[in-house]
Amino acid sequence: MVGKPKIAVYWTGGCGGCDVSFLELGAPLLDVLAKVEIAFWPALVDAKRADVEAFAPRSLAATLINGTLRTEENVEMVHLLREKSQLVVAFGACAHLGGVPGLANLVSREETLRRVYGDGFAIAPPPGGEADDAPPNLLPQAQPLSTEVTVDYVVPGCPPPPALIGLLFDALLSGDLPPAGHVFAHDKALCEECPRTREDRVLTKIVRPHELVPDPEACLLDQGMICLGPVTRGGCGAACPKAGMPCTGCLGPTPHAGDPGLAMISALASLVRAGDEGEASFAGEDAVLDSLVDPVGTLYKYSLPSYVAKRRSG
Amino acid sequence: MAEAQFEPRIVAFLCRWCAGAGADLAGTSRLRYPPNAVAIRVNCSGRVEPQWVMEAFRSGADGVFIGGCHPGDCHYVSGNYKARRRVHLLKRMLSELGIEPERVRLEWVSATEGAKFARLMHEFVEELRALGPRTDPGEAAPSAALPAPSRRKG
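Protein chains in written order, with my numbering: chain A, 33 to 346; chain B, 7 to 160.
No lab work stands behind these hints: they were computed from the structure.
There's no promise every hint is true.
Now the stretches of chain A that chain B is said to cover, found in silico as 3 or more residues with beta-carbon under 8 Å [said to hold, decoys possible]:
hint : stretch
1    : 291 to 302
2    : 318 to 330
Derived contacts from chain B toward chain A, CB cut-off under 10 Å, selection only [said to hold, decoys possible]:
hint : residue
3    : Leu31
4    : Thr34
5    : Arg38
6    : Pro41
7    : Glu55
8    : Gln57
9    : Val59
10   : Lys88
11   : Ala89
12   : Val93
13   : Gly104
14   : Pro107
15   : Val110
Just so we're clear, the structure is a prediction, and the values are computed from it rather than from any experiment.
The beta carbon of each residue, even a glycine, is placed where N, CA and C say it ideally should be.
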């Protein structure tokens, strides 16, 4: 083989956190960088779209794309990169499931523009374009990467934990590639690797993280926090629960959980109590359930565009 | 010719011990009620997953009916209580997603309440007619997975 394998890293509608997450690899990053040539990475090297267009088809060994698809330009770029790449990796929760920006799908594109730019906002239309075509040319909805191009692998997480990034590079550099569609995380739930002790208590109240200094040993769900560990893939070493913060589901659901939010509704409904079960407790149980603030934002923090999400009209 | 009336499509999850038996009684008593519901018998209303409700909507249902035993009567002691809590949370989520929560209806129907079951079907169909077909902008047209109910004459 002539020269090192070329890789590209691209961002669409992301926050930049995924680009920074590579640094978390620490010293092993130097080994990785020594073995590849970075052909394109807007956060790091000065190559432009025209340079990518000049690449031969499939000349990039792998392209890692982070961010949700939010603009027409995002879509054009990922198609271009797909054509130039042997492998495309959805890197991070946005590319994988839609991510936090995907919560904008709760409102329409027009409402999003209104809220961001304010009523009566005006951006000059591009030459020869209509006012409606003015930047940023938002798509009607935020979309995960797989809605536009074939995704070979997924490195999940917000941002991906270094251990999982390491698994990707191990596979890419050794040539020992997993089957297409592989997600570089565990198939088992996060609870499997969480050191906290679960006692299967019932939930008599639901608290948000800022309302409680949790017991350091006990399960956070037992303490009334909405921890999505039961429906979320492991692989991060339960980093958040270890630090006293509930899992918010960034690695995405386990293959068996199905729709993570609906699965979690089932689980929560089973746990909630307000005294003995029965008609006399209905109002109390509803009050406990209603103390879950923002069910959609809590249960689909990273995954709304991939599941039940359908935007409102108008 | 008058414009065809909107016929909502309903998926009805009925528990085997109470609501399902009540629906059977409505039938054997020859009570008349609209044929809009596709009945799916489950062992317990507590077995109905929110994922099934959303699957019904995705498959083109306009409404989902869940029938369970009256409080205190659940064959499995507390399955109906679990169903109630699930539906409560699910409805909150549906409103956030822009789906009318009235499209999901949980009712207690005992094995002797054939007349109540028939009345609830009438009510639900009328309510769904008033709401109209469930359409979300930006969503693909509902698939034809569920056949549109046909109305028998007479």
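To see whether the hints hold, each was checked on the structure:
Residues of the stretch 291 to 302 of chain A lying with their CB closer than 8 Å to a CB of chain B number 9, which satisfies the three-residue condition for coverage. With 7 residues having a Cβ less than 8 Å from any Cβ of chain B, the stretch 318 to 330 of chain A passes the three-residue criterion, so the hint holds. Below 10 Å, beta-carbon pairs count as interface contacts, and leucine 31 of chain B has none with chain A, the closest being about 24 Å; its hint is therefore violated. At about 30 Å, the closest approach between the beta carbon of threonine 34 of chain B and any beta carbon in chain A exceeds 10 Å, and the interface hint on this residue is violated.
The restraint placing arginine 38 of chain B at the interface with chain A is violated, with a minimum CB-CB distance near 32 Å, outside the 10 Å limit. Among the interface hints, the one on proline 41 of chain B is violated; its C-beta lies about 28 Å from the nearest C-beta in chain A, farther than the 10 Å criterion. Interface restraint check for glutamate 55 of chain B: the shortest CB-CB distance to chain A comes to about 6 Å, inside 10 Å, so the restraint holds. Against a cut-off of 10 Å between C-beta atoms, the interface hint on glutamine 57 of chain B holds, since the closest Cβ of chain A lies about 5 Å away.
Annotation: valine 59 of chain B was flagged as interfacial toward chain A, and the flag holds, the nearest CB pair being 8 Å apart, inside 10 Å. With a least beta-carbon distance of about 6 Å to chain A, the hint placing lysine 88 of chain B at the interface is held under the 10 Å criterion. The interface hint given for alanine 89 of chain B is met, as the beta carbon of that residue sits about 8 Å from the closest beta carbon of chain A, less than 10 Å. Interface hint status for valine 93 of chain B: upheld, as the beta-carbon distance to the closest one in chain A is roughly 8 Å, under 10 Å.
Checking glycine 104 of chain B against chain A by beta carbon gives a least distance of about 4 Å; that is within 10 Å, so the hint holds. Annotation: proline 107 of chain B was flagged as interfacial toward chain A, and the flag is violated, the nearest CB pair being 12 Å apart, outside 10 Å. The criterion of a C-beta within 10 Å of any C-beta in chain A is not met by valine 110 of chain B, whose closest approach is roughly 12 Å, and the hint is violated.
In terms of the numbered hints stated before, the structure departs from hints 3, 4, 5, 6, 14, 15, listed from lowest to highest.
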